[in-house]
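Undergrad: Listed below are the residues making up each chain.
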Amino acid sequence: MSKITVTSNIKPGELRKWATDITEKSAERVVRRLAEMCEVSIKTEIMNSSKMPTGALADAFFKIQFSRYHWGVGDIDYLNDATPYWRHINYGSEAIGANWEHILPMGHWEDGRWVEGDGDDNFFAVPNTRIQAHNYIERTIVDMHTAINRVISEG
Amino acid sequence: MPLEWGIKRNIENSLYVFLTDKIDENNVTDSNNDKILIRVGRKVSKDWTLPCITVYLDDKTSERAEVGSNNRLKTYLIIMDIYATNEGERLDLSDWLEEIINDGFRYFSMLPSTSGPQTPIQTACGLVNVNFVTNARVALGQNVDPEDSHRHRISINTWISGN
Numbered sequence: 376m377s378k379i380t381v382t383s384n385i386k387p388g389e390l391r392k393w394a395t396d397i398t399e400k401s402a403e404r405v406v407r408r409l410a411e412m413c414e415v416s417i418k419t420e421i422m423n424s425s426k427m428p429t430g431a432l433a434d435a436f437f438k439i440q441f442s443r444y445h446w447g448v449g450d451i452d453y454l455n456d457a458t459p460y461w462r463h464i465n466y467g468s469e470a471i472g473a474n475w476e477h478i479l480p481m482g483h484w485e486d487g488r489w490v491e492g493d494g495d496d497n498f499f500a501v502p503n504t505r506i507q508a509h510n511y512i513e514r515t516i517v518d519m520h521t522a523i524n525r526v527i528s529e530g
Numbered sequence: 005m006p007l008e009w010g011i012k013r014n015i016e017n018s019l020y021v022f023l024t025d026k027i028d029e030n031n032v033t034d035s036n037n038d039k040i041l042i043r044v045g046r047k048v049s050k051d052w053t054l055p056c057i058t059v060y061l062d063d064k065t066s067e068r069a070e071v072g073s074n075n076r077l078k079t080y081l082i083i084m085d086i087y088a089t090n091e092g093e094r095l096d097l098s099d100w101l102e103e104i105i106n107d108g109f110r111y112f113s114m115l116p117s118t119s120g121p122q123t124p125i126q127t128a129c130g131l132v133n134v135n136f137v138t139n140a141r142v143a144l145g146q147n148v149d150p151e152d153s154h155r156h157r158i159s160i161n162t163w164i165s166g167n
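From first to last, the protein sequence lines stand for chains W and A.
If you use this note's numbering, the first sequence corresponds to residues 376 to 530, in order.
If you use this note's numbering, the second sequence corresponds to residues 5 to 167, in order.
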């Protein structure tokens, strides 16, 4: 039985370090690219599903890097502060601020929006229609399933 | 002859048939011994009573199956909202729903019947496979409407296999 002998000039441990470097760089690229794609996807889903988008909700979603391999999109504390209606738009609800009897806080309609106030022309309103669920979070997660395969194959 | 329903309506109504049958089979009731109602659609009507489960198809993706081919890998996002009357009921219903939907459900092609609009003609055409997307309580804050105070959402991504 013949034998083939291969001699390498690489020192022990160098190959492992080389392979580790490549893997780390690849992983870093994949998570950063996925975060970028996720940010674009959620902004697109929000803008496409709204009748009269102002862009405020879409702008509130942005990518954040926590560590070398850890990214996120959508800071809940920031969202609660800047756009407290983000859950209502995603899940749909009776109305923002409505009480248990479906009555909105005192106010008036202005350019299609309910503005709170207590002047003479303000009143308590009962909304006839619910806020429709836009499901932009679920749609983005589905988009990301496709994106993961695409980003990994970009190599 | 009425037009045959499309895939989206068929999936919604196949899921409705599946869930309604399972509720009868497992005798899923509320605390008053009334069967849990399944509603198809995203709009909650004022005359609906709690508890109920709403199901609707929200979105579709058509990824290309392979380069150079027009075959598509079609997936359908389905939203299932549980509207419960208390937290215990919400947890029980979400566990039950997750358990029974896990293995997928039969896909029916439906043809509306002019003699009985409420009972379309069903032909079994395959299996709807399920991937879970989200499964969590819908938390909208403290001062919310009764319909929204014990809500749970399970969203699934589905695709049809077989004939």
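I should point out that these hints are in silico values taken from the structure, not numbers from a laboratory.
It is possible that some hints are incorrect.
Below, computed lysine-lysine pairings styled on DSS-like, alpha-carbon distance capped at 30 Å [said to hold, decoys possible]:
1. W:Lys426 to A:Lys78
2. W:Lys438 to W:Lys400
3. W:Lys438 to A:Lys78
Undergrad: State for each hint whether it applies.
TA: Results of checking the hints against the structure:
1. Between W:Lys426 and A:Lys78 the alpha-carbon distance is near 26 Å, which keeps this suggested pair within the 30 Å criterion.
2. A C-alpha spacing of about 19 Å is found between W:Lys438 and W:Lys400, which places the hinted pair at or below 30 Å, so the restraint holds.
3. For the proposed pair W:Lys438 and A:Lys78, the alpha carbon gap of about 28 Å is at most 30 Å, so the pair holds.
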